[in-house]
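*Asks:* Listed below are the residues making up each chain.
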Amino acid sequence: MGDSLKAIKKTEARRSLGDTLLPAIDRKKTKHALRQENMKRLKQKDKDKKARRKSRRDEGAPALIPKTIESLRESDSTILNNVVDEDVIEEINCDLDEDEFSSYFRKEYEPRVLITFSEKPIKPSRRFAAQLCKIIPNCSRIGRKNTSIKSIVADAIKKRFTDVIVINEDRFEPNGLLLIHLPEGPTAYFRLSNVQTANKKQMKELTSHQPEVILNNFNTRLGQTVGRMLGSVFHYQPEFKGRRVITFHNQRDYIFFRHHRYKFLKGKAALREMGPRFTLKLQSVQRGTFDSKCGEYDWTIFGKRHEMETTRRRFFL
Amino acid sequence: MDQDDVIWGIIKNSFCSFKVQTDSTQLCRNEYNLTGLCNRTACPLANSQYATVREDKGILYLYKKTAERSMYPRKQWEKIKLSRNYEKAVYQLNEELLFWPGHIKSKCKQRFKRLTQCLIKMRKLKLGRQKKLIPLQRKIERRIKRREDKALIAARLENAIEKELVDRLKKGVYGDMYNIPLQAFDNALRAEERESDLQEITEEENEVVEEEIEDEDVSEDEFTDDSDLDSEKELEVEDDFIPSEEEIENLSLPSTSEKSRRKKQRKENVEIEYEMD
Numbered sequence: 001m002g003d004s005l006k007a008i009k010k011t012e013a014r015r016s017l018g019d020t021l022l023p024a025i026d027r028k029k030t031k032h033a034l035r036q037e038n039m040k041r042l043k044q045k046d047k048d049k050k051a052r053r054k055s056r057r058d059e060g061a062p063a064l065i066p067k068t069i070e071s072l073r074e075s076d077s078t079i080l081n082n083v084v085d086e087d088v089i090e091e092i093n094c095d096l097d098e099d100e101f102s103s104y105f106r107k108e109y110e111p112r113v114l115i116t117f118s119e120k121p122i123k124p125s126r127r128f129a130a131q132l133c134k135i136i137p138n139c140s141r142i143g144r145k146n147t148s149i150k151s152i153v154a155d156a157i158k159k160r161f162t163d164v165i166v167i168n169e170d171r172f173e174p175n176g177l178l179l180i181h182l183p184e185g186p187t188a189y190f191r192l193s194n195v196q197t198a199n200k201k202q203m204k205e206l207t208s209h210q211p212e213v214i215l216n217n218f219n220t221r222l223g224q225t226v227g228r229m230l231g232s233v234f235h236y237q238p239e240f241k242g243r244r245v246i247t248f249h250n251q252r253d254y255i256f257f258r259h260h261r262y263k264f265l266k267g268k269a270a271l272r273e274m275g276p277r278f279t280l281k282l283q284s285v286q287r288g289t290f291d292s293k294c295g296e297y298d299w300t301i302f303g304k305r306h307e308m309e310t311t312r313r314r315f316f317l
Numbered sequence: 001m002d003q004d005d006v007i008w009g010i011i012k013n014s015f016c017s018f019k020v021q022t023d024s025t026q027l028c029r030n031e032y033n034l035t036g037l038c039n040r041t042a043c044p045l046a047n048s049q050y051a052t053v054r055e056d057k058g059i060l061y062l063y064k065k066t067a068e069r070s071m072y073p074r075k076q077w078e079k080i081k082l083s084r085n086y087e088k089a090v091y092q093l094n095e096e097l098l099f100w101p102g103h104i105k106s107k108c109k110q111r112f113k114r115l116t117q118c119l120i121k122m123r124k125l126k127l128g129r130q131k132k133l134i135p136l137q138r139k140i141e142r143r144i145k146r147r148e149d150k151a152l153i154a155a156r157l158e159n160a161i162e163k164e165l166v167d168r169l170k171k172g173v174y175g176d177m178y179n180i181p182l183q184a185f186d187n188a189l190r191a192e193e194r195e196s197d198l199q200e201i202t203e204e205e206n207e208v209v210e211e212e213i214e215d216e217d218v219s220e221d222e223f224t225d226d227s228d229l230d231s232e233k234e235l236e237v238e239d240d241f242i243p244s245e246e247e248i249e250n251l252s253l254p255s256t257s258e259k260s261r262r263k264k265q266r267k268e269n270v271e272i273e274y275e276m277d
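Here the protein sequences come in this chain order: G and Z.
Under the UniProt record's numbering, the residues of the first sequence are numbered 1 to 317, in order.
Under the UniProt record's numbering, the residues of the second sequence are numbered 1 to 277, in order.
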């Protein structure tokens, strides 16, 4: 019935305008039709892409670099790989020779670490700290009741500690890690997340050998400082016999901590995780030891989020 | 006085907006109340002669009210600043309330003492360290967490660590610890080169090579052939994959055609196993 009506209308339209056809009436498409069209388009796109890739491969051209957040990273003038100017490189090396960690890298002192908590630490924090204490060589931990961080720092300097770690907590889980290098700073505050403590089995396997440290992807000048800071918590002379490796891997400004035992098998490394694992995210770097009132910040994100987090592809470490 | 009795009669029996009824007692919310209780003697409304001590911005004042002042509500309370010196202030209180009823005097002194203690504590707390609470915006927290998850996937941690370790091994960071396997690796490579011209090798030569290989340790030979191995799956595959001593000898041995055929078979097997995993 409908078809016949349409046909009649069409013929009428033709008659009225002679032989010229009227443009087709723009009917609203159904959702289904739209979806179908879209699917078709996407499929075609995919096909084209594959064809292009194939033609490239046939020509013998090298594969294109995939577009990831890392490869599209906004260029930063302090990324060390990009520095070509020899003067700048020399300057950076001079800087590194004179910073607070240079004496560690010259192996002039053995690091001694003190771990404390917030006022009344909950069990997860204490367990986490206990495990850190076992992992980090030459480390001791104390509960601080109402003592301020400043006085703890002063005491620690007197007792020849070289680093202080303060674990902060909120909502019954550890959520912050303050790392103070002694005696002259700097101080870094990290957001701590995804803390997974090691289980009993893993802790049994733990040996007292000094671990080696891997610092991955700390590319910018700031990243280098942070990497050196984290690295200098551990002893500079790893005991390879223990086959323990500790990794700080920076990816998109998140620093992933992992602790493994490894074994070389057939020229490849086999890993077994020892735990704990956690993630750090840098919040601020302060010159000198901890001072929340009149401390001078080298870098901070507090109150500057809108200026600093302009795109997703901007990273600082 | 009559007026006072009238007021108290109303407050007690009907309604007072300052009155708070608790299970055990009645309390008073009026700022000028000396004790905080709702009773005849402590009521600042139903007493025309009344005195109290109050704190304003860290300074203590004595407030006095007399019957003569009741005509002027604005000037009803006489406000006297008390000295910051405790003893002087007590002396001041004694002087001001010289002929006043004893209970008001003593209660004023008690209140003064308590307020001074409170002020001292407040100042101490303010000077000491304080916790600063930072609001966490839920949306931002969620975003940070999500990005962390994605970064973790992008990081491919195990691969990165393995790569770094192998780099270190190649650089010779570990010194003599893994030296022997490297030699074995070289030997194995050399052996493979020779494999290409299998048929030309005489049996005498074979014996020489065999001797060489027998000298080596077993674990070293694990380096012989692992080009097919994907590092991601290595850990899972590992156990099945460590070839026995005999197999290894066969793998690295350039020998007769029968042996090589066996080797080929084994290689194929290895590949299939891997794919199944």
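It is worth saying that the hints were derived from the structure and are not from the lab.
Among the clues, some could well be false.
Said to hold, decoys possible - Below, computed lysine to aspartate or glutamate pairings styled on DMTMM-like, alpha-carbon distance capped at 20 Å: (1) G/LYS67 to Z/ASP149; (2) Z/LYS131 to G/ASP170; (3) G/LYS241 to G/ASP291; (4) Z/LYS132 to G/GLU173; (5) Z/LYS170 to G/GLU110; (6) Z/LYS139 to G/GLU86; (7) Z/LYS150 to G/GLU70; (8) G/LYS158 to G/GLU110; (9) Z/LYS131 to G/ASP291.
*Asks:* If a hint holds in the structure, say so; if it does not, say that too.
*Replies:* How the hints compare with the structure:
1. G/LYS67 to Z/ASP149: holds (19 Å)
2. Z/LYS131 to G/ASP170: With a Cα-Cα distance of about 12 Å, the restraint between Z/LYS131 and G/ASP170 holds, given a limit of 20 Å.
3. G/LYS241 to G/ASP291: The given pair, whose Cα atoms are some 41 Å apart, is violated under the 20 Å limit.
4. Z/LYS132 to G/GLU173: holds (18 Å)
5. Z/LYS170 to G/GLU110: Violated, at about 28 Å.
6. Z/LYS139 to G/GLU86: The hint is violated at about 44 Å.
7. Z/LYS150 to G/GLU70: holds (12 Å)
8. G/LYS158 to G/GLU110: At roughly 16 Å apart (the allowed maximum being 20 Å), G/GLU110 and G/LYS158 satisfy the hint.
9. Z/LYS131 to G/ASP291: Holds. Z/LYS131 to G/ASP291 sits at ~13 Å (cutoff 20 Å).
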